[in-house]
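Asker: Okay, here's what each chain looks like letter by letter:
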Amino acid sequence: MGGALLFWCVLAPLLWGTAARAQETESADMEQAAPAPLLESSATGFLDVRPAWQHVHEGGIATTDDIPAWLLVTEANFQLRLRWGGRGMAYADASFVGQNGWTFLHTGDDGKLSEAADHDVAALRPAAVLSELYGLVHLGPHANLTLGRKRVVWGPGLAQNPTDLVDPPKDPTDPTCQRAGAWLARLEFPFERFTVSLVAAAKVLRQYSGVPTALGVYPDHATTEAASGAVPDDRDGSSHYATAVRLYALVVDTDVNAVWYFSNLYNDAFEDKHRFGLSLSRVFGAWEVHVEALAQRGSSRRYADSGCVADAAALMQCGLDPARRDRVLSASKRDDPGVRGRVLAGGRWTGADNEMVSIEYYWNGEGWDASELGDLLRLATTARQARSFLPPGATPPSIPSPFGSATADPGTPQKFVFEPLRRHYLFVTAMVPNVRNDFTLQAVLLAGLEDLSGQVVPSVAWSVREWATLTAAVAVPLPGVSSLGVEAGGRRWTESDVMPADWRAWVSARLFY
Amino acid sequence: MKTSTQLLPLLSILSLPLVSAAPAAPPTPAELLAKYDAIMGPPSYEAVARMTAHRDDDTERTYKMRILKSGTERFRAWFLEPASVRGQEMLRQGDNFWLYMPNLKRGVRMASRDSFQGGDFNNADVLRVNYAADYDGTVGEDAAMPATWLLELKAKTPEAAYDRIRLWIGRADLMPVKGEYYTESGKLLRTAEFSEVKTFKGLKRPTKVLMRNQLAVKRWSVMIVDELDPKVNPPASRFVVDDLGR
Numbered sequence: 001m002g003g004a005l006l007f008w009c010v011l012a013p014l015l016w017g018t019a020a021r022a023q024e025t026e027s028a029d030m031e032q033a034a035p036a037p038l039l040e041s042s043a044t045g046f047l048d049v050r051p052a053w054q055h056v057h058e059g060g061i062a063t064t065d066d067i068p069a070w071l072l073v074t075e076a077n078f079q080l081r082l083r084w085g086g087r088g089m090a091y092a093d094a095s096f097v098g099q100n101g102w103t104f105l106h107t108g109d110d111g112k113l114s115e116a117a118d119h120d121v122a123a124l125r126p127a128a129v130l131s132e133l134y135g136l137v138h139l140g141p142h143a144n145l146t147l148g149r150k151r152v153v154w155g156p157g158l159a160q161n162p163t164d165l166v167d168p169p170k171d172p173t174d175p176t177c178q179r180a181g182a183w184l185a186r187l188e189f190p191f192e193r194f195t196v197s198l199v200a201a202a203k204v205l206r207q208y209s210g211v212p213t214a215l216g217v218y219p220d221h222a223t224t225e226a227a228s229g230a231v232p233d234d235r236d237g238s239s240h241y242a243t244a245v246r247l248y249a250l251v252v253d254t255d256v257n258a259v260w261y262f263s264n265l266y267n268d269a270f271e272d273k274h275r276f277g278l279s280l281s282r283v284f285g286a287w288e289v290h291v292e293a294l295a296q297r298g299s300s301r302r303y304a305d306s307g308c309v310a311d312a313a314a315l316m317q318c319g320l321d322p323a324r325r326d327r328v329l330s331a332s333k334r335d336d337p338g339v340r341g342r343v344l345a346g347g348r349w350t351g352a353d354n355e356m357v358s359i360e361y362y363w364n365g366e367g368w369d370a371s372e373l374g375d376l377l378r379l380a381t382t383a384r385q386a387r388s389f390l391p392p393g394a395t396p397p398s399i400p401s402p403f404g405s406a407t408a409d410p411g412t413p414q415k416f417v418f419e420p421l422r423r424h425y426l427f428v429t430a431m432v433p434n435v436r437n438d439f440t441l442q443a444v445l446l447a448g449l450e451d452l453s454g455q456v457v458p459s460v461a462w463s464v465r466e467w468a469t470l471t472a473a474v475a476v477p478l479p480g481v482s483s484l485g486v487e488a489g490g491r492r493w494t495e496s497d498v499m500p501a502d503w504r505a506w507v508s509a510r511l512f513y
Numbered sequence: 514m515k516t517s518t519q520l521l522p523l524l525s526i527l528s529l530p531l532v533s534a535a536p537a538a539p540p541t542p543a544e545l546l547a548k549y550d551a552i553m554g555p556p557s558y559e560a561v562a563r564m565t566a567h568r569d570d571d572t573e574r575t576y577k578m579r580i581l582k583s584g585t586e587r588f589r590a591w592f593l594e595p596a597s598v599r600g601q602e603m604l605r606q607g608d609n610f611w612l613y614m615p616n617l618k619r620g621v622r623m624a625s626r627d628s629f630q631g632g633d634f635n636n637a638d639v640l641r642v643n644y645a646a647d648y649d650g651t652v653g654e655d656a657a658m659p660a661t662w663l664l665e666l667k668a669k670t671p672e673a674a675y676d677r678i679r680l681w682i683g684r685a686d687l688m689p690v691k692g693e694y695y696t697e698s699g700k701l702l703r704t705a706e707f708s709e710v711k712t713f714k715g716l717k718r719p720t721k722v723l724m725r726n727q728l729a730v731k732r733w734s735v736m737i738v739d740e741l742d743p744k745v746n747p748p749a750s751r752f753v754v755d756d757l758g759r
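Quick mapping for you: the protein sequence lines, in order, are chains A and X. With the numbering used here, letter number 110 in the first sequence gets 110, and the count goes up by one each step, no holes. With the numbering used here, letter number 136 in the second sequence gets 649, and the count goes up by one each step, no holes.
Just so you know, these hints were derived from the structure itself, not from any lab. A virtual CB, placed ideally from N, CA and C, is assigned to each residue, including glycine. Take the hints with a grain of salt, since some may be wrong.
Unchecked claim - A few chain X residues that face chain A, going by a derived Cβ cut-off under 8 Å, partial list only:
no., residue
1, T565
2, R568
3, K577
4, L617
5, R619
6, S628
7, D739
8, V753
Stated by the list, open to error - Which stretches of chain X does chain A cover? Using the computed rule of at least three CB atoms under 8 Å from a CB of chain A, they are:
no., segment
9, 541-548
10, 605-616
11, 740-752
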């Protein structure tokens, strides 16, 4: 209800203030139309309860301390749409999420797991997730303005959208799970066969329980935690934003999107960065075929200095050398002139009874090669060894994790966070609905093609009633071929080895209203 | 050209008494197709309809939708019920179809022959009622149904809903009575029964279409039109991809 109140307070004055002007411009288009109701509204939503289990495995790179073996996620979602004839609309998609985790395991410096007490985990605190909250005003038959939080996805990719640089990332094993968008202003000029969109998005820099308090620029004051020295003060004097100009056209029955991005420290380390995206989507018989690509210069990812990761002594020596300390792990190829890309290409087949098979290949041009990933893994294992050499009570040097995105706002809690370390991936989804009328069978394959590791996620959904669905799923890890993995620290690593958890299982009960 | 197309249904209606009074001279296929389109897919309309899918375990699922049509090439549908599909939308623009998924927050391309919400209609049955553009035909008689004309149709575009159709049209009022829908090889896919003729603001049409799935004979779907306004003039901006979800 708090989200609804905020929604009304912020958006209602905006929409009412512009309604009269919009009505005039729409009137020509609505000639002879029956008088529309002044206000149309619709509300929907769901209550979802999802107990989950995951097997935290020994020997991984990432810390396991805050990953519970047992998790209960409860999400109460409501979606409210208000529409004022042809003048404009307002929309809210908000969830109140409660999460509880039990049974934590601590990773020791020797890589062994030991039981840890249940404890407070910031990522598991209750949150209000405002996935979307925006108002849209029609400025004329071919112009509209959107303000608020909105998910803007232009690319046709199902598992991934390489041309989407503004929204929180989605889970390729369940793309429908991510509904959250970006805080933005959008001016759009839609026509029957083409659309021009101008978007300016501000990065969420501070947010508490899902409610943002700083967008685009940091506030003047530090957080309580930073002021007390518990965490570093991450403020800077920069503006964190992304802008985009997008042209959509329907050409020869093909959806064509061309996007130019200009961003500064928005979800990655790039400053004043230009990027270009292009996507195509067309139906051929029962197949929808698409390609979605992004091109840029340089890489925003972090790379380890190979001279510092050979062993603990080399790492400590680099750490003590002011000239090399910052290069141990840095975005050293950020200004690299070489062009890198991300390309997703695939197709989706739909059968007569809505059976569906989607096959997509993803080339991640920002992925690390074997040598680069080897250095990162050596850095992680060596840093762990170096900690064991420190005297009791000494503070180890802080080395940020090379893995994980710079997205401050993860959006809707995801079942799985996909972090593509390498360059070649395959996503396959097969779905058969209407099995014995009420069951939907689905299997998703996510595979890294360099070491053949990944996961298969079979699931079954039972539509108990028109308003109730029960789902059971298990994520089966594919360990990959060890000989194709990357050598570091005396062993070979596949991408699955880097993950903190391998087997996962969950059931979900979702009640719609 | 546009004017002559718009006049075609009118001419067909004006010629009805002559057609009915002269059994030796059946109407032309073009006349019957134009009449079918004028009844089942008038140039522009807004409607509220329900599709009930009866499944092979004797249970059923009902979907309620709002439909908006403008001209022969633009079509939009909003699913209102049940709650599990509320927010889904469909858009047709010429030969192109999109399905808006609220959880994906975007429209995805789909084929015209995909099943309509898992029922026994396909997308083109509902979103593409433009038989004059999609089919060539011949007119004949069926001794078993002497009160009807038998229209044998063959698709002239791959985007048409079916490769072949047999359509029975009432001689008295030119209302569709029954349909059979085939693959190119002649395999019967579905049959339809049209009934419960009502008048909506001057438009007289069957409000109930019963579609039986001949590949899964225990399944059938019923489409019932509850409300229909053929006098609306919806703005073109409601039929563009970027309007989906609004």
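Asker: The structure should be examined with respect to each hint, and the outcome stated for every one.
Answerer: Hint-by-hint comparison with the structure:
no. : hint    : in the structure
1   : T565    : violated (11 Å)
2   : R568    : holds (4 Å)
3   : K577    : violated (11 Å)
4   : L617    : holds (6 Å)
5   : R619    : holds (4 Å)
6   : S628    : holds (5 Å)
7   : D739    : violated (16 Å)
8   : V753    : holds (5 Å)
9   : 541-548 : violated (count 0)
10  : 605-616 : holds (count 8)
11  : 740-752 : holds (count 9)
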